[in-house]
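Engineer: Residue numbers (the working numbering), protein chains in the order written: chain R, 1 to 237; chain V, 1001 to 1237.
Do not rely on the hints blindly, as some may be mistaken.
[As the list claims (entries may be wrong)] Label-pair ranges, simulated between beta-carbon atoms:
{"#": "1", "chain 1": "V", "residue 1": "Leu-1021", "chain 2": "R", "residue 2": "Ala-80", "range": "54 to 64 Å"}
{"#": "2", "chain 1": "R", "residue 1": "Thr-210", "chain 2": "V", "residue 2": "Phe-1014", "range": "46 to 56 Å"}
{"#": "3", "chain 1": "R", "residue 1": "Arg-156", "chain 2": "V", "residue 2": "Glu-1100", "range": "43 to 53 Å"}
{"#": "4", "chain 1": "V", "residue 1": "Gly-1202", "chain 2": "R", "residue 2": "Thr-78", "range": "52 to 62 Å"}
These are computed hints drawn from the structure, not numbers from a lab.
Cβ coordinates follow ideal geometry from the N, Cα and C atoms, glycine included.
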Amino acid sequence: MTHAFDRALRALASTEDVPDGDLSRPFCEVLRFDGVSVSTFGALVASETISASDDVSSRIDEIQFDLTEGPCWTALSTGAPVLEEDLVTRPGHHWPAFTEAVREHPVRAVFAFPIVFGPFPLGAVDVYSPAPATLAPEQVRQAVSLATAAGRRVLRRALRSLEDDDVLADRSPFSRRVVHQATGVVLAQLDVSPDDAYLLIQGHAFARRTTMRQVAEEILDGSVRFEKHGGLIEEAR
Amino acid sequence: MTTDEREMRIVEAFATLADTLVDGYDVVELLQSLVETCAEVLDVDAAGIMLANDDQELEVVASTSETSRLIEVLQLDAEAGPCMTSFATGRPVACPDVTEAPAEWHAFRAGALALGVRAVHAVPLRLRTTVIGTLNLFSAHAGDLAPTHLRIARALADVATIGILHERTLREHEVVRSQLQRAIGSREVIEQAKGVVSHLRGISIDDAFGVIRAYATDNRQPLSQVARSVVERRIAL
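With the hints as constraints, model all of the structure from the sequences given.
Structural biologist: Below, the structure written as structure tokens:
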């Protein structure tokens, strides 16, 4: 079990071993459910299913994109897992349109885990089961960790998709220097790796549609600060 | 400084550099002591060494002051100024009076004058036909560099070139490139380390460099190694 989890975590980190289209697979392996989808949506990124293990999974995503309600939206807006063990007999959330729409599909249990990176909401992982089902606390914990690992990848993917990435990176040597300095400040603020600190700056520039240099200068003058609360990274104001 | 003192200082500087080259060294550290020696023995107010990256843009790798204003002027110079011209032609370029700088150097001229720089001299870091960067000397007073000073500047530039490119690798273009990248890469880590120290101590980025340098000197460790330890959080300054 732990072995499968470690393997899945490594797989999510490597774009070479697991292409985006196969991102749902590590979740299937660890959670031992066949129906998993990984999708991006929310304020920052376009609504899109990156990977779905089967047709029903991708249909569940489509329904939620269309209705803008359902487990994945709840997971992302609350920043916490959504665990619906039996939609039909013991619904725990109120999603009238979603519940109605999935009635014709073999969906009894639904679980959703938010995909975030730092303070950026990026999407969710949806898991469904045709029969009522439960997840052990350990499985929930592992799914949350895997979704966090996926967040790093999803953000990189969103950044890559920018038509003109110079929007973010004013590539002059002086800007790079300032960005490296800010990377140092952020990694000290959060105790994260230089790569993650850099990605946070990039994500910030992306979210605000500004340049990395601008964000870096604000980090250096203290007007943008990151703080860690529990396991969550937040922007302090 | 009297002529005798200067001569003594120059002899010492070359002896130290020769020792360093024999004993194994840290490139950024070597270049840092070179710019400091230049400023001292050549009677200039600031000096900087810039190296060309993979995109043939010049990046500041060492400078007598880490103030961002100086770095910015050096970068402007690298875009259109004596430094760029020296890099492009492989010859020393003098700008004895910045107020009379040609129109196409206007951004550099404005930056230099705002910083109180009146004269600039650029000497190429050159190995036969390959120019890898420039040594730049900034003076607060207008006027040409004395011929002997220019001669010393060229000798120091040659030492810097040898320090960057190990003698045995000179024929291999790819290796030259990778060693240039390594020198520029250590600069990246130094910038990150400045950010870390600035955050942890609540001091400015400029002051943070002094703290890192002092630690490196006190503990007889190369600057790049100290910077890496700071970024990896193995030492707290």
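Engineer: Could you run down the list of hints and mark each one as holding or not?
Structural biologist: Evaluated hints:
1. V/Leu-1021 <-> R/Ala-80: 54 to 64 Å: Holds, since V/Leu-1021 and R/Ala-80 (Cβ atoms, about 59 Å apart) stay within the stated range.
2. R/Thr-210 <-> V/Phe-1014: 46 to 56 Å: holds, 48 Å
3. R/Arg-156 <-> V/Glu-1100: 43 to 53 Å: Roughly 49 Å apart at Cβ, these two residues keep to the hinted range, so it holds.
4. V/Gly-1202 <-> R/Thr-78: 52 to 62 Å: Given about 35 Å between the Cβ atoms, the range is violated.
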